[in-house]
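Engineer: Below are the chains, spelled out letter by letter.
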Amino acid sequence: MEQWLDFAKGPLFTFAFLFMILGLFRHVVLQIYYLIVRKGKRLRNAPWKKIILDTLSWVVPVKHFIPGTAFFSSASFLSHIGVILVPVFLADHIVLWEGFLGLNLPSISSGFADVLTLFTIVCLIILFCCRLFVGRQRAMSGTMDYLILIMVFLPFASGFLASHPKMNPFSWDMMMLTHILSAEVLFIMIPFTKLAHIVLFFFDRISGLHWQLRPGAGDKVADALFGKEARV
Amino acid sequence: MDEVVEVLKPIVDEDNGNKTYPYYIENPVTENRVERFLEAFAAVLHFTDYKPLLDSYCTSNAKCNRCAVTCPVYLATGDPKDIPCYRTNLLLDVYKRYFTFSGWLNSRFSNGIDLTEEIIDEMLNLFYRCTACRRCTQECPMGVDHGLMTRLGRYVLSLIGIVPKALQVATREQLEGETRNTSKIPKIALMNTLEFLSDEIEESFGIRMDVPVDEYDREYVFFCAVSDYLMEPETLMGNAVVLYAAGDWDKWTIGGNDFDGINYGLFYSDWHLENIIKQLVHEVTRLGGKKILIGECGHASRSAHDFVPVFAGKETYPVLNFMEYTLDCIEKGKIKLNPNIITERVTYHDPCNISRSGWIVEQPRKIIRSFIKDFVEMEPHGKNNYCCGGGGGLVSVDEIYDFRMNIGGKMKADQIRETGAQIVISPCANCKKQLKELVEFYELPCKVMGLHDLILKAIEIPGAKSAEERKEEAAMFEM
Ligand code: SF4
Ligand code: SF4
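Here the protein sequences come in this chain order: A and B. Residue 73 in numbering that gives the first Met the number 0 is what sits at position 74 of the first sequence, and the numbering runs on without skipping anything. Residue 440 in numbering that gives the first Met the number 0 is what sits at position 441 of the second sequence, and the numbering runs on without skipping anything.
So that you can see chain A by itself, here it is in the shape it has in the complex:
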């Protein structure tokens, strides 16, 4: 077990983490490349102010509190707090970051981390139930949508149990291994799934740029499909 744990903490972690970073990096590079190469000067005409204000309005989305999805959306927003804070600033993780990246981050107290973790778990359960029981949500949800919730849930639940031996019905090693492995699977999933919104969020809200259509493109499409004939 010991060796397994070491392996999961060591090479496997390095691999999964780098995989995630590179995967996300690839998204960013491609997006920026396309924008600069293909849009070029037209970017200047875009409604930048609108785009930036709009993106910012979603950081704390109070103004986007709308009836009909209030419950789901609140749970979704609130779960983000824990999902961002706990993995990065938990004292036990700080040690990890220090060893791995050489970063010296401030940590949050373990009491606060516990509260956040439980809170996040509750939010995730709410999200899961909404998907399952609200008709219109269920209609839109695919396997991946449920799976992702479970995959986020696992490291939180196992981490919590591992750090509270009294509540843990299994062995510590077992829990820790589940915690680390599930987190690593999650890392690997991130670039391929909607979790990539970690970075793509900033490229989704820019449809204002994409309305800056490419001059002459319509002609080329028509030429390619119908030759030079009439096309109206």
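The set of hints was computed from the structure by calculation and includes no laboratory data. All C-beta atoms, glycine included, are put in the ideal place defined by N, C-alpha and C. Treat the hints with caution; some may be incorrect.
Pulled a few chain B residues facing chain A out of the computed Cβ check, cut under 10 angstroms [unchecked claim]:
#1 60
#2 137
#3 146
#4 463
#5 464
Chain A is fixed; fit chain B with the ligands onto it per the hints.
Structural biologist: Positioned in the frame of chain A, the structure of chain B with the ligands alone reads:
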């Protein structure tokens, strides 16, 4: 409700099982639609730059359903197929499956979604069940622009010949026809109409204003939705008297070769959008105009305002909506409106294209408040307004009347009823037509008018008959 939801489904001929389309199509395509669709999609992806956006949407779509509760169509039907995200995903799934590596890989290992004739049927239905009002986009945490996606879906469909005949015939006449406008109005008929408008103005104001056509080097070249010349004379007269009263009569002109601001390309095709814009810009250049002044029309204003800079290259001109011009005149004290003429309760409908997707929310309200006492807002309004239900070109497609009334416009009708207004101002040719039909359909006790229709009644021009006198005369005439 079920019956209603069926409105846009393809109609199957019971005798031979052939499907017909939910809207009229010039040459209905029946064969090889899947291959042709993919071919067209590939060409579009190759030459345009939608790709990064599609990549981004495909990956990060949260399926959170917030868009559903903001879409008037879904709210009216409750059909999961009307959820904006569902419709957009039809296109995204095709993109993912056929144009991305992971989609291809996926298809090797699982029997993922392949494009089928049924999916094409679904697309051609659903893409014309969305009014491209972009209300949902505001509330999507991932910013998925369903208006843009609907438009892209329609564009690809149009390339395989699937496009409502009403739109196609109109743009063809505009780009290749003799009259160069969507309503097929020849120049001579335009001149007659303008003559008639001048006579009308003379009769009620006692002043003659001959509308300038094809005058060179004027500051403003005026374009409205060409249908206004047939259907909205009062709006046009309102525009004219404002220009006259402001002392700008010799600063504007109508172009004789192209006087149509309509641009259906905004709703379904990059090619049409670009070429109609270019045609408009050429007319301004021919006349040596300095600015483009667009009458009361939402999509004409947005397409000119947003796409003249994109497509016109160096020939670009500033674009102004007429309400901006009028507000400026009021603020500078160039025109006077009598606040005692309009006594009815008035509400204002925000056309999506200039409010949510544009820059005009406060301007008309300032104008209204300056001379109308009983003004009530609909809830929600401004950038959160509900579409009239005829947006995205749907209003021009007569055969989907049932959809527009029962589904698309349902929320709007409820909103209007709640205000208790007697007059609904709607500064857009498309919205006006749809709202007039809605008012009739739901028997709402109100009239639909343009903002300048009311200004025409309330304006005071020195040396002309006063607004009070005109009101009395009109009342006598009605009796
Ligand atoms: S609001 Fe956006 S992310 Fe949510 S379901 Fe709709 S399109 Fe998808
Ligand atoms: S653009 Fe308007 S009609 Fe279309 S899906 Fe969004 S809210 Fe509904």
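Engineer: Any CB of chain A closer than 10 angstroms to the CB of residue 146 of chain B?
Structural biologist: With a minimum Cβ separation of about 8 angstroms from chain A (threshold 10 angstroms), the hint on residue 146 of chain B holds.
Engineer: Please check whether residue 60 of chain B passes as an interface residue: C-beta within 10 angstroms of a C-beta belonging to chain A.
Structural biologist: holds, 6 angstroms
Engineer: Taking the closest Cβ pair, is residue 463 of chain B under 10 angstroms from chain A?
Structural biologist: Because about 42 angstroms separates residue 463 of chain B from the closest Cβ in chain A, which is outside the 10 angstroms limit, the hint is violated.
Engineer: Return the status of the interface hint for residue 464 of chain B: holds when the least beta-carbon distance to chain A is below 10 angstroms, violated otherwise.
Structural biologist: The hint is violated - residue 464 of chain B has no Cβ within 10 angstroms of chain A, the shortest such distance being about 45 angstroms.
Engineer: Tell me if the interface restraint on residue 137 of chain B is satisfied: Cβ within less than 10 angstroms of some Cβ in chain A.
Structural biologist: holds, 8 angstroms
Hints 4 and 5, counting from the list given before, are not met by this structure.
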